[in-house]
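Colleague: The lines below spell out each chain.
Number of protein chains: 2
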Amino acid sequence: MLHITFIAGEVGHMNDERVVELVHGDGGGATGALIEEVFLPRIGNDSLDAGEDAAAIAGGEDLRFTTDSFVVSPLEFPGGNIGDLAIHGTVNDLAVTGARPKWLSAGFILEEGLPFSVLERVLDTMGRAARRAGIRVVAADTKVVGRGAADGMFINTAGVGTVLPGVRMGFDRIAPGDVIVVTGSVGAHGIAVLSHRAGFSFETPVESDSAPLWPLVGRLLEGVGSGLRFMRDPTRGGLATVLSEMARASGVDIVLEEEALPIDDAIDGATRMLGLDPLYLACEGQAVMVVDASRAPRVLDIIRSTEGPWDPAIIGRASAGEGRAFMSTAMGGTRVIERRRGDPLPRIC
Amino acid sequence: MLHITFIAGEVGHMNDERVVELVHGDGGGATGALIEEVFLPRIGNDSLDAGEDAAAIAGGEDLRFTTDSFVVSPLEFPGGNIGDLAIHGTVNDLAVTGARPKWLSAGFILEEGLPFSVLERVLDTMGRAARRAGIRVVAADTKVVGRGAADGMFINTAGVGTVLPGVRMGFDRIAPGDVIVVTGSVGAHGIAVLSHRAGFSFETPVESDSAPLWPLVGRLLEGVGSGLRFMRDPTRGGLATVLSEMARASGVDIVLEEEALPIDDAIDGATRMLGLDPLYLACEGQAVMVVDASRAPRVLDIIRSTEGPWDPAIIGRASAGEGRAFMSTAMGGTRVIERRRGDPLPRIC
Chain A
254 MLHITFIAGE VGHMNDERVV ELVHGDGGGA TGALIEEVFL PRIGNDSLDA GEDAAAIAGG
314 EDLRFTTDSF VVSPLEFPGG NIGDLAIHGT VNDLAVTGAR PKWLSAGFIL EEGLPFSVLE
374 RVLDTMGRAA RRAGIRVVAA DTKVVGRGAA DGMFINTAGV GTVLPGVRMG FDRIAPGDVI
434 VVTGSVGAHG IAVLSHRAGF SFETPVESDS APLWPLVGRL LEGVGSGLRF MRDPTRGGLA
494 TVLSEMARAS GVDIVLEEEA LPIDDAIDGA TRMLGLDPLY LACEGQAVMV VDASRAPRVL
554 DIIRSTEGPW DPAIIGRASA GEGRAFMSTA MGGTRVIERR RGDPLPRIC
Chain B
254 MLHITFIAGE VGHMNDERVV ELVHGDGGGA TGALIEEVFL PRIGNDSLDA GEDAAAIAGG
314 EDLRFTTDSF VVSPLEFPGG NIGDLAIHGT VNDLAVTGAR PKWLSAGFIL EEGLPFSVLE
374 RVLDTMGRAA RRAGIRVVAA DTKVVGRGAA DGMFINTAGV GTVLPGVRMG FDRIAPGDVI
434 VVTGSVGAHG IAVLSHRAGF SFETPVESDS APLWPLVGRL LEGVGSGLRF MRDPTRGGLA
494 TVLSEMARAS GVDIVLEEEA LPIDDAIDGA TRMLGLDPLY LACEGQAVMV VDASRAPRVL
554 DIIRSTEGPW DPAIIGRASA GEGRAFMSTA MGGTRVIERR RGDPLPRIC
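So the sequences go chain by chain: A and B.
Per the numbering used here, the very first residue in the first sequence carries number 254; after that it's consecutive.
Per the numbering used here, the very first residue in the second sequence carries number 254; after that it's consecutive.
You may find that some hints are simply not true.
Computed footprint of chain A on chain B; a stretch qualifies when at least three of its residues, placed anywhere within it, have a C-beta under 8 Å from a C-beta of chain A [to be verified]:
#1 382–394
#2 433–443
#3 513–524
Label pairs and their calculated CB-CB ranges [stated by the list, open to error]:
#4 A:D299 x B:G574: 50 to 56 Å
#5 A:G476 x B:G401: 47 to 53 Å
#6 A:R384 x B:E560: 54 to 60 Å
#7 B:F453 x A:E270: 25 to 31 Å
#8 A:R557 x B:D425: 15 to 21 Å
#9 B:F455 x A:P327: 58 to 64 Å
#10 B:P294 x A:R525: 40 to 46 Å
#11 B:P368 x A:G504: 36 to 42 Å
No lab work stands behind these hints, which were simulated from the structure alone.
In this text, a Cβ means the ideal position worked out from N, Cα and C, and glycines have one as well.
Given the sequences, and given the hints that come with them, work out the whole structure.
Modeller: Below, the structure is given as structure tokens:
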């Protein structure tokens, strides 16, 4: 798997030298170029190139391995903090590959001057989130850097999970006729962080949906087995990016029904006020899945009967085509869903 | 395993609030207090509390899992850069537990404005180091933060390895009569980074010893098997910290012969000039091992015949006692080796 999602866009220059720009850090975008030119030639291999959320590693069991760094700003936001986000991000990357999250490592980079009270709250939340998801933090490391050399704290988590027997989800299992299910309203995490950062408050506060997708995914796999074709969590880059990647990688068209998309009223209001498209906002506790149409009602039932920030809906379907994602709008038109548009929203996770 | 090595020392205050201080980040120190008060109650469990360099995770094979974050400053230094350091650090944490390093994850945090040329050199070095150690980077993630929110780049690596069949090294296997072997001169990495950071140059330049301990450890295990009792890589906190921890955890005394310690002339000169004690300086390609005395000559032979920055020596022995580490000095005296002394040396790795 390769989580490096650069944006195809202008590349900064400084004294004629190419430099890293904020735009490189946003999770949307059809870059390929930067990943392929800079990262893959140097550290790539079959596993890294495969584009899965968690890489298969050999062993007596079928193991998955994934990593994510968290640099969210501010460290605490409505509905969570960097601690539970760091657990959920990695738990969810394992879960969407059909792996039970089991072991986690945590690397902390702390800025000199970070209040212990913040560190303690983050660790409290992290511990609770790990227990809730049934994952154990088995390895940890902490570094401290001087004031100004980091921004409060950064956390990296890496996770190892075991794939449930017989499970195989993949782009290649997506077929015309399958339906697209989303577990709940999109955009909550992005709005919660952005609005808290900017100091906005809404009549109905928007809280992050930060939550573990395990044991939900385990229940779904038990309930519908191979009826689950493919699953992904729409984090940086949002639902639009996942749908567009799904279509491109499977070669099948994906058609999203705008009116079917579950969006909480509070999120709807906030996105209108801020001029943001919820399709591109990060979720941290939702999954988009491609499901055998005949099993979709059972999938909805299982999600509804599992505790979590969920309000599932069938939002579209796969159809024969050339690997593009479209949206049927409420106005009756159709537009192509691109991987991202608009400015990057840095440090959402 | 828990790599969080805080220093027992004064804790900073800011408006009556405890805050993280640089001293918390140094790898020496007999703190326990901070780890035990802040981290372990929140994210601890049997595996994290065990104090190994890499944690055991269940599976058909005997797997080890470890993590480390790298914040070295400057990013490039004589003998290496943050890229190979990030590979070697995790490879070595696996190797010293007897595990063949197999799969690695890499999480990058890049500061806006980082020159691509630096990123490319780091990734080049990283790729070469991974290939040399026989480990595959199977998962990666990159985040970008704004100028001033990080310092160039930070890298986290997590690694999974498979323990060679029948291997069991541990503190509990250290017994009176065993000898202590070090693979080579101590202090090279610490001196290389500190002197480059400070702009010092020496007549004979000191290069980092940054190197992988695998396949060396694999060869040693093949050659002497259970004759290897315990092994550790002396990174932050240096040889003194490892010897003191070994003695404390095993309950056996460790006596180091000062005159037997291999120290390169260039490192010796540099430490004298800078007023640093090489016993406390970080190595990034050395191991300290406790060996069955009868197998020590074979251990030295194997190290000498393996390519690497090595110049092995028997530097002391284990003897019945109360779990303390001592040094027999060149002057004929004996002093206790404490876990650390002097100021912390931040951002060495």
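Colleague: If a hint holds in the structure, say so; if it does not, say that too.
Modeller: Hints, verified against the model:
no.	hint	in the structure
1	382–394	holds (count 7)
2	433–443	violated (count 0)
3	513–524	violated (count 0)
4	A:D299 x B:G574: 50 to 56 Å	52 Å, holds
5	A:G476 x B:G401: 47 to 53 Å	49 Å, holds
6	A:R384 x B:E560: 54 to 60 Å	46 Å, violated
7	B:F453 x A:E270: 25 to 31 Å	27 Å, holds
8	A:R557 x B:D425: 15 to 21 Å	52 Å, violated
9	B:F455 x A:P327: 58 to 64 Å	45 Å, violated
10	B:P294 x A:R525: 40 to 46 Å	44 Å, holds
11	B:P368 x A:G504: 36 to 42 Å	38 Å, holds
Violated hints for the displayed structure, listed by number in ascending order: 2, 3, 6, 8, 9.
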